[in-house]
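Each chain is listed here by its residues.
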Amino acid sequence: MPMPMPTPSGERGAQSAAAVSVTGLRKSYGDKTVLDGIDLRIPAGTVFALLGPNGAGKTTTVQILSTLVAADGGQARVAGHDVATAPDAVRAAIGVTGQFAALDDLLTAEENLLLMADLLRLGKREGHSRVRELLQRFDIADVARQRAATFSGGMRRRLDLAMTLVGDPQVIFLDEPTTGLDPRSRRTMWDTVRSLVAGGTTVFLTTQYLEEADQLADRIAVLDGGRIVAEGTAEELKARIPGSHVRLRFTDPAEYERATGALPGAALDDENLTLRVAGDAGLDALRALLDRLDTAGVRTAGFSVHTPDLDDVFLTLTGQGTAQDGPGTPLRVKETHR
Amino acid sequence: MSSLTYAVHDSMTMLRRNLRHAIRYPAVGLGSAMMPILMLLLFVYAFGDALGAGLGGGRDAYLEYLTPGVIVMGVAAGSMSTSIAVCSDMTEGIINRFRTMDITRSSFMTGHVIGSVVQTMSCMVLVVGVALGLGFRPDANPLEWLAAAGLLAAIAFAVTWLSVALGLISKTVESASNKPLLIQFLPFLGSAFVPAGSMSPGLRWFAEHQPFTPMTETLRGLLTGSAIGDDAWISLAWCAGIAVVGYVWSRSLFNSTSKR
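As given, the protein sequences belong to chains X and Z, one line each in that order. Under the working numbering, the first residue of the first sequence carries the number 1, and numbering increases by one thereafter. Under the working numbering, the first residue of the second sequence carries the number 339, and numbering increases by one thereafter.
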């Protein structure tokens with residue numbers, strides 16, 4: 001099925017270009033509200049990351065969008081079909097890799113993939129060639145005849161994703177695809193996601209890792225307590241918190257005092273003898289700062305440049321206190337050391 | 339392809355999966371053959387003389403009486419093991435994969451049911467083989483053998499649907515393996531091992547009205563020529579009833595858990 005061209009990020013494309021669109025989605029389990037009205041719009045052919053701490057509602061969102069769970073309210077369309085009224089059409093267009101590998105442990109890797117091919121009614125020849133290709137691509141061809149139960153965590157995830165891809169889905173949901181993986185397997189997973197998107201697939205991933213969202217996603221939404229608290233590109237999110245700064249550390253209180261005098265605008269941390277100078281971290285600005293210290297004859301013990309990363313965004317947006325803050329309130333920056 | 343062809347195709351795919359499990363891990367399947375075989379050996383060699391005397395014969399007479407009962411018990415017990423397989427699928431991730439695919443929903447259950455019937459019937463061939471080895475001499479003609487196989491398949495089909503439902507309500511594999519015990523031992527309280535007429539009045543009433551007694555009597559009649567009477571129809575009615583209850587219950591459980 002031909003998919004519309006991906007819309008440039010930041011620009012709202014025509015309605016038909018949305019691979020996933022969600023309005024006012026709600027879900028509660030008993031008294032506990034898991035999703036409290038979320039809105040999302042994901043253009044086809046892009047990677048979208050739903051970022052949030054444990055219990056934020058990420059998995060529930062994926063479960064609703066993948067037709068596993070019915071929402072209590074709101075609308076959700078995936079690949080142009082309503083998840084509530086046309087679940088089979090949605091299922092035919094999606095692939096889902098959940099948090100826990102959905103394999104048949106008693107079957108071999110190859111048999112697991114062939115089971116998918118059979119259920120997708122691919123036909124014998126096409127099924128076999130697709131399976132062979134996926135075994136190669138995911139680097140499990142040499143263990144194709146071994147039972148899935150004997151596989152390591154990374155191999156299980158690879159087989160799991162390969163099973164998801166047998167049907168060449170338009171939209172892929174990856175629920176915390178790299179949780180529990182070693183760094184090397186994580187990189188492999190990232191490369192896979194990138195190659196999928198290059199092929200025109202839309203990827204919806206949830207993650208608790210900011211780096212992952214930063215690396216992969218065209219757009220990121222931060223989910224906290226069942227609500228989307230921020231949405232945008234990684235750059236846009238980073239821009240929502242105060243900019244970069246330079247930290248100057250001293251060991252001698254006298255030097256610290258002198259520096260304080262030379263840099264009147266700096267934020268002070270008397271306890272740690274540290275100064276924080278706001279401003280951009282460009283070379284010229286740094287040179288000017290160092291010149292001023294030089295002129296004042298100040299000797300610094302340590303020096304670091306701090307640019308905000310998604311960790312800052314995450315902690316700021318999902319941290320305590322944000323619930324009371326209205327949208328226009330300046331966000332507090334929590335210090336993180338890099 | 340029509341939706342019926344899809345349903346058949348998907349069910350066959352699921353069936354292949356279950357049969358592959360059974361062939362790869364024959365221990366589970368053979369377990370359901372071992373129990374009736376051990377019962378045969380125990381009852382024939384340990385209690386056979388005494389129980390046979392009660393029937394007005396000896397060990398051989400008791401073997402003839404016992405074998406159909408043990409087969410019916412074996413079919414019930416073997417069918418109930420499906421709940422373990424169903425529950426284990428439900429508690430592992432694979433079920434969510436099936437549910438997010440555009441496949442016929444019921445194929446997951448039909449695959450289990452047909453797989454279980456095939457497996458149970460193969461086990462019974464083994465049990466009959468052992469019984470023949472011990473000296474069981476049925477007087478059934480080919481038609482009666484066919485009818486016996488049909489009856490056993492009907493029992494297996496019905497009990498397996500019930501077993502699927504029990505597997506679906508179980509939250510853990512352990513509880514799934516405990517629930518079927520009641521049904522597995524129901525044949526003891528029927529005419530499988532001793533005639534219902536020899537029991538105390540209360541138990542005798544129960545034995546005469548529970549499903550496994552007419553099933554045992556029908557099989558006994560087909561294989562050894564004893565009187566069947568109305569038992570054939572009563573058995574088939576029980577099978578139909580149990581199958582419908584099991585199927586409707588399973589289907590509603592399966593659909594409700596997907597909306598959880």
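It is possible that some hints are incorrect.
Said to hold, decoys possible - If we take Cβ atoms under 8 Å as the criterion, some of the chain X residues that face chain Z in the derived model are:
1) Leu119
2) Leu289
3) Arg292
4) Asp294
As the list claims (entries may be wrong) - Where chain Z lies over chain X, by a calculated footprint (3+ residues, C-beta under 8 Å):
5) 54-68
6) 74-83
7) 86-92
8) 233-239
Said to hold, decoys possible - Only some residues are given here: those of chain Z computed to face chain X with a beta carbon under 8 Å:
9) Asp348
10) Thr351
11) Arg355
12) His359
13) Gly431
14) Ile432
15) Arg437
16) Thr438
17) Ile441
18) Ser444
19) Phe474
20) Arg475
21) Asp477
22) Lys517
It should be emphasised that the hints constitute simulated quantities derived from the structure, not laboratory data. On a predicted model such as this, the values are computed, not experimentally measured, just so you know. Idealized CB from N, CA, C, for every residue including glycine.
- Item | Numbered hints the structure breaks, given as an ascending list | 2, 3, 4, 6, 8, 18, 19, 20, 21, 22
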